[in-house]
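Undergrad: Residues per chain are reported as follows:
Protein chains: 2
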Amino acid sequence: MSRIKKINHIAIVVENIEDALGFWRDQLGLELDHVEEVPSQASKVAFLPVGEGEVELVEPTDMASGMGKYLEKRGEGMHHLCIQVEDIEDMLKFLKEKGVRLIDEEPHDLPGRRMAFIHPKAANGVLVELYEIVE
Amino acid sequence: MSRIKKINHIAIVVENIEDALGFWRDQLGLELDHVEEVPSQASKVAFLPVGEGEVELVEPTDMASGMGKYLEKRGEGMHHLCIQVEDIEDMLKFLKEKGVRLIDEEPHDLPGRRMAFIHPKAANGVLVELYEIVE
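Chains L and A supply the protein sequences, listed in that same order. If you want the working numbering, it's the position in the first sequence, counting the first as 1, plus 159. If you want the working numbering, it's the position in the second sequence, counting the first as 1, plus 159.
Check the hints yourself; a few may be wrong.
Remember, identical chains collapse to one label, so a pair may be satisfied in a single copy or spanning two.
[Unchecked claim] Using 25 Å as the maximum straight-line C-alpha spacing, the simulated DSS-like pairs for lysine-lysine come out as follows: (1) Lys-280 x Lys-255; (2) Lys-280 x Lys-165; (3) Lys-232 x Lys-257; (4) Lys-165 x Lys-257.
Treat the hints as calculated values from the structure; they're not laboratory data.
Can you make the complete structure from the sequences, with help from the hints?
TA: Dropping the structure here:
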């Protein structure tokens with residue numbers, strides 16, 4: 160049985176969502192589903208579906224947050240890759256057994272989803288987010 | 160009619176594909192479809208399907224190439240986001256009309272696909288590749 164379902168989204172950190180929509184929606188032609196404040200991550204997020212996945216534009220609302228510091232240091236660009244799994248607890252247990260360095264040893268529960276990050280040092284410099292969608 | 164079909168792949172630049180498979184295949188659990196030499200891009204690429212898309216691990220085979228210099232300067236990490244479109248000529252025409260800065264004004268023809276890059280300065284620091292799959 161595969162633990163992996165699909166690429167859920169690619170998150171792109173941007174300075175300003177309205178400006179960024181000028182490219183992703185108005186020029187590239189993606190649909191904007193909605194924009195949401197995500198206070199737990201000190202950011203505002205625009206969700207743009209693409210096939211079975213999404214592009215997410217993330218604008219930090221607090222430059223002292225992790226996302227804010229990332230933007231300040233590295234500039235705009237791809238921030239993380241989110242892989243959707245069948246069962247996040249099973250996946251984290253499996254990764255821990257393999258000795259993979261994790262940011263979150265246990266999943267965080269958010270509305271509609273459970274999530275955890277793998278450390279980029281374990282994944283060739285890529286910040287990998289794991290998602291389990293909870294109906 | 161939407162011009163956009165799906166996220167075709169995320170490309171990750173790595174120092175060594177065999178080492179990188181230690182995480183992406185053996186720990187995360189993605190399937191390895193195959194590894195291919197891509198001389199036109201001075202690299203070796205591992206293709207790992209995920210849902211309707213793929214993760215591609217790209218190892219530069221020539222450090223003087225664009226990909227090699229990128230790795231040297233920025234280190235391992237996400238390199239580009241590939242969006243699959245219905246008709247790449249139509250898409251490039253549309254983007255040119257909108258004044259979007261492109262790396263490739265015309266598509267490159269490769270076996271099974273036609274591709275072109277949008278300039279990252281047009282896309283919030285993201286190198287966006289466009290693909291049309293040719294049967």
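Undergrad: With reference to the structure, classify each hint as holding or not holding.
TA: Results of checking the hints against the structure:
1. In the homo-oligomer, the alpha carbons of Lys-280 and Lys-255 lie at most 25 Å apart inside one protomer (15 Å), although the nearest pairing across protomers, at 39 Å, exceeds that limit.
2. When the C-alpha separation of Lys-280 and Lys-165 is checked against a cutoff of 25 Å, the pair qualifies only within one copy, where the shortest distance is 22 Å, while the shortest distance between copies is 28 Å.
3. Within a single copy, Lys-232 and Lys-257 get their C-alpha atoms no closer than 32 Å, and across copies no closer than 31 Å, so neither meets the 25 Å cut-off.
4. Only within a single protomer do Lys-165 and Lys-257 lie at most 25 Å apart by alpha-carbon distance; the minimum there is 22 Å, versus 32 Å between protomers.
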